[in-house]
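Student: If you want the building blocks of each chain, they are given just below.
Protein chains: 2
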Amino acid sequence: MHNSPFAVVAKPGDKVADLSTPRPVIDEDRMAANIARTQAYMDAHGIDFRPHIKTHKIPALAAQQVAAGAKGINCQKVTEAEVFAEAGFEDILVTFNIIGAEKLERLAALNERISGLKVVADSAYTVDGLSAYFAARKPLVVLVECDTGAGRCGVQEPAQAAALAKRIDAAAGLAFGGLLNYPKPGAAAEVQAFLSQALALIEAEGVTCPIVSNGGSPSLFDAHLVPAATEHRAGTYIYNDRSMVRAGHCTVDDCAMHILATVVSRPTGDRAVIDAGSKALTSDLLGFTDYGQVVGYPQASITGLSEEHGVIDLSKCEGARPQIGDKILIIPNHTCVVSNLFDTMVFHRDGVVTRVEDVAARGLVW
Amino acid sequence: MHNSPFAVVAKPGDKVADLSTPRPVIDEDRMAANIARTQAYMDAHGIDFRPHIKTHKIPALAAQQVAAGAKGINCQKVTEAEVFAEAGFEDILVTFNIIGAEKLERLAALNERISGLKVVADSAYTVDGLSAYFAARKPLVVLVECDTGAGRCGVQEPAQAAALAKRIDAAAGLAFGGLLNYPKPGAAAEVQAFLSQALALIEAEGVTCPIVSNGGSPSLFDAHLVPAATEHRAGTYIYNDRSMVRAGHCTVDDCAMHILATVVSRPTGDRAVIDAGSKALTSDLLGFTDYGQVVGYPQASITGLSEEHGVIDLSKCEGARPQIGDKILIIPNHTCVVSNLFDTMVFHRDGVVTRVEDVAARGLVW
Chain B
1 MHNSPFAVVA
11 KPGDKVADLS
21 TPRPVIDEDR
31 MAANIARTQA
41 YMDAHGIDFR
51 PHIKTHKIPA
61 LAAQQVAAGA
71 KGINCQKVTE
81 AEVFAEAGFE
91 DILVTFNIIG
101 AEKLERLAAL
111 NERISGLKVV
121 ADSAYTVDGL
131 SAYFAARKPL
141 VVLVECDTGA
151 GRCGVQEPAQ
161 AAALAKRIDA
171 AAGLAFGGLL
181 NYPKPGAAAE
191 VQAFLSQALA
201 LIEAEGVTCP
211 IVSNGGSPSL
221 FDAHLVPAAT
231 EHRAGTYIYN
241 DRSMVRAGHC
251 TVDDCAMHIL
261 ATVVSRPTGD
271 RAVIDAGSKA
281 LTSDLLGFTD
291 YGQVVGYPQA
301 SITGLSEEHG
311 VIDLSKCEGA
321 RPQIGDKILI
331 IPNHTCVVSN
341 LFDTMVFHRD
351 GVVTRVEDVA
361 ARGLVW
Chain F
1 MHNSPFAVVA
11 KPGDKVADLS
21 TPRPVIDEDR
31 MAANIARTQA
41 YMDAHGIDFR
51 PHIKTHKIPA
61 LAAQQVAAGA
71 KGINCQKVTE
81 AEVFAEAGFE
91 DILVTFNIIG
101 AEKLERLAAL
111 NERISGLKVV
121 ADSAYTVDGL
131 SAYFAARKPL
141 VVLVECDTGA
151 GRCGVQEPAQ
161 AAALAKRIDA
171 AAGLAFGGLL
181 NYPKPGAAAE
191 VQAFLSQALA
201 LIEAEGVTCP
211 IVSNGGSPSL
221 FDAHLVPAAT
231 EHRAGTYIYN
241 DRSMVRAGHC
251 TVDDCAMHIL
261 ATVVSRPTGD
271 RAVIDAGSKA
281 LTSDLLGFTD
291 YGQVVGYPQA
301 SITGLSEEHG
311 VIDLSKCEGA
321 RPQIGDKILI
331 IPNHTCVVSN
341 LFDTMVFHRD
351 GVVTRVEDVA
361 ARGLVW
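Residue numbers (the UniProt record's numbering), protein chains in the order written: chain B, 1 to 366; chain F, 1 to 366.
Each hint should be verified, as a subset may be incorrect.
You can't tell identical chains apart in this list, so a pair holds if it fits in one copy or across any two.
[Stated by the list, open to error] No farther apart than 30 Å at their CA atoms in a straight line, the calculated lysine-lysine pairs in the DSS-like style are these: (1) Lys-166 / Lys-316; (2) Lys-184 / Lys-327; (3) Lys-138 / Lys-327; (4) Lys-11 / Lys-327; (5) Lys-316 / Lys-184; (6) Lys-166 / Lys-327; (7) Lys-166 / Lys-15.
FYI, nobody ran anything at the bench for these hints, they're computed from the structure.
Please put together the full structure from these sequences, using the hints given.
Tutor: If you want it as structure tokens, here you go:
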């Protein structure tokens, strides 16, 4: 897929410590454990699980998630869904209002190709646009997106959800697929209240609601607190990151993704500079005040990023300090945006490369 | 280079307004004017100009910069330099401490291939590593990187610069190329003082200093305030962005890059949601409190980004508000990181696509 003649290649058997930097690397065993643990939680509570592939954008990893028991997958773009359909996935939920002829055309082709395509809508505009396009085609399944407090997309009230469900149910070319929300963290009670009220209103209209899809990594292990939901969606858990440690969903030892970087300068006693900047770690703070956690140097703080430099403040380090030439590992604040920067992802077991996967759905416009 | 079968293709003659979103688009005429204006300033002051290709990563654009009068180009990674060497560029300065066998090997091959490769070093460690590798090869030109106040890489004092220059001059396989700094903005006097003192010390040792390379987009039009410098490096000026408007280097009408996005939801009267999130705009704030400027809606504020959603606060808008389905243009905070997200870049004149270029040096590890 990404075959630049200038790509720096890693291959099975290489030692991670010998790889050129900066480069994200994934611990196979930690990743497998993350998949198993989260699926076991969902299974224990009878919740269907739909992993969000935005975190990795790699079909082979989605296959591992489905093999572990996931019901289907979640994509955020039509082009992502195309990559995963090509890889054989049939149950794909695209959690986005699809608007505009150029996207609808691809969506329609995809709907002809796989059996389980679903999208969301939160307005009459989106529903009517979908209906106009799909009226003469294979019907498209559409869920109503609800804003239960996160302040992004979604209808604002259960009554609006019911009205939109009815509109979908009555629309040519569309089939009502259920309800969906992306909650704010720690608000399971509000989510349950909104969804159960909307469900009651929809059922009172005689409309069946096949799926109630709750989601979000921040509320991953609160999924069982929303009994109205039939399924949960989450992505980050497969790799885990600093935000997931902070949320209490894992420990640093469950973080499967590290950014391998080299210390290239020690201009002062208190400053180290690494070759990982905003084009490797991204500027996502997610509420943190620095740009990642340096493994083995708990008091080191990545205080600033240029595009290809990271500046580390060592002034609070009590023990050893990294020296020029040292390779270090960084747990990123947010794995999903790191994945999106690299054309290939390197996997390893105990520091030996096991495989290199194309980040097949990276960089696609829509 | 990037030939995913799932790429959404744009082609010359397409209307920008019809393109799938989100997608950055570049105004050809604004870009050409930005190249001409900056080169004219450098020419007027007798300063060699070395554009930094990190902003666009596209050889055809570097060719336009060189055709306008640029002396050579600036890369930040060996792999970037490889892409530009392949495209025919000979005078390439890689402004990084190159450390580690895997990078040195590629650097040595590149040095055999082109006539004007140069790198920097700010420590004896880096110099000795380069010397050990290049001793039996074609000599490599090395500049001393100086920290004149920006707090990133670089020797801290002019005397250290002189000592390192002498070490390079005496090292097997290396040739001393001069001095380099990346300044903090608005500190031309400190830069001039540091560089002129270092120059005097180096010349007192009988060592010739061919290049004194000052840099940075924030200090672009302060270049003439550092007479010790023989050249200036900058990247962002070719596209310009919100940070360059704030710095007083251009107006919004000089911003050649826009992110084309679609309004996909209007959940409330005061909220719009677009299909451009942190995977299109990036989370780079660069000191701003929101994530870009919406053209035509000066009071709209992009207050939050998810990966594929941008939330716009419309509460302060006095006139019209964007509606669902509208396509809007956003001036990003920082162009360089946006370029790094997309495999292709679309150029247009008056809203009609003129060409589509591969972002050839994107996503290369090193």
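Student: The structure should be examined with respect to each hint, and the outcome stated for every one.
Tutor: Going down the list of hints, with the structure as the test:
1. Taking the shortest Cα distances, Lys-166 and Lys-316 never come within 30 Å of each other, neither inside one copy (60 Å) nor across copies (34 Å).
2. Taking the shortest alpha-carbon separations for Lys-184 and Lys-327, only the inter-copy value of 28 Å comes in at or below 30 Å, while the best intra-copy value is 37 Å.
3. Taking CA atoms no more than 30 Å apart as the test, Lys-138 paired with Lys-327 passes between copies only; the shortest distance there is 28 Å, against 54 Å inside one copy.
4. Proximity of Lys-11 and Lys-327 under a CA criterion of 30 Å is satisfied intra-copy only: 19 Å inside one chain copy versus 43 Å between copies.
5. Within a single copy, Lys-316 and Lys-184 get their C-alpha atoms only as close as 34 Å, which misses the 30 Å cut-off; across copies the closest is 25 Å, which meets it.
6. In this assembly of identical chains, Lys-166 and Lys-327 lie within 30 Å of each other by CA distance solely across copies; the values are 28 Å between and 58 Å within a copy.
7. In this assembly of identical chains, Lys-166 and Lys-15 lie within 30 Å of each other by CA distance neither inside one copy nor across copies; the values are 57 Å within and 37 Å between.
When each numbered hint is compared with the structure, violations occur for hints 1, 7.
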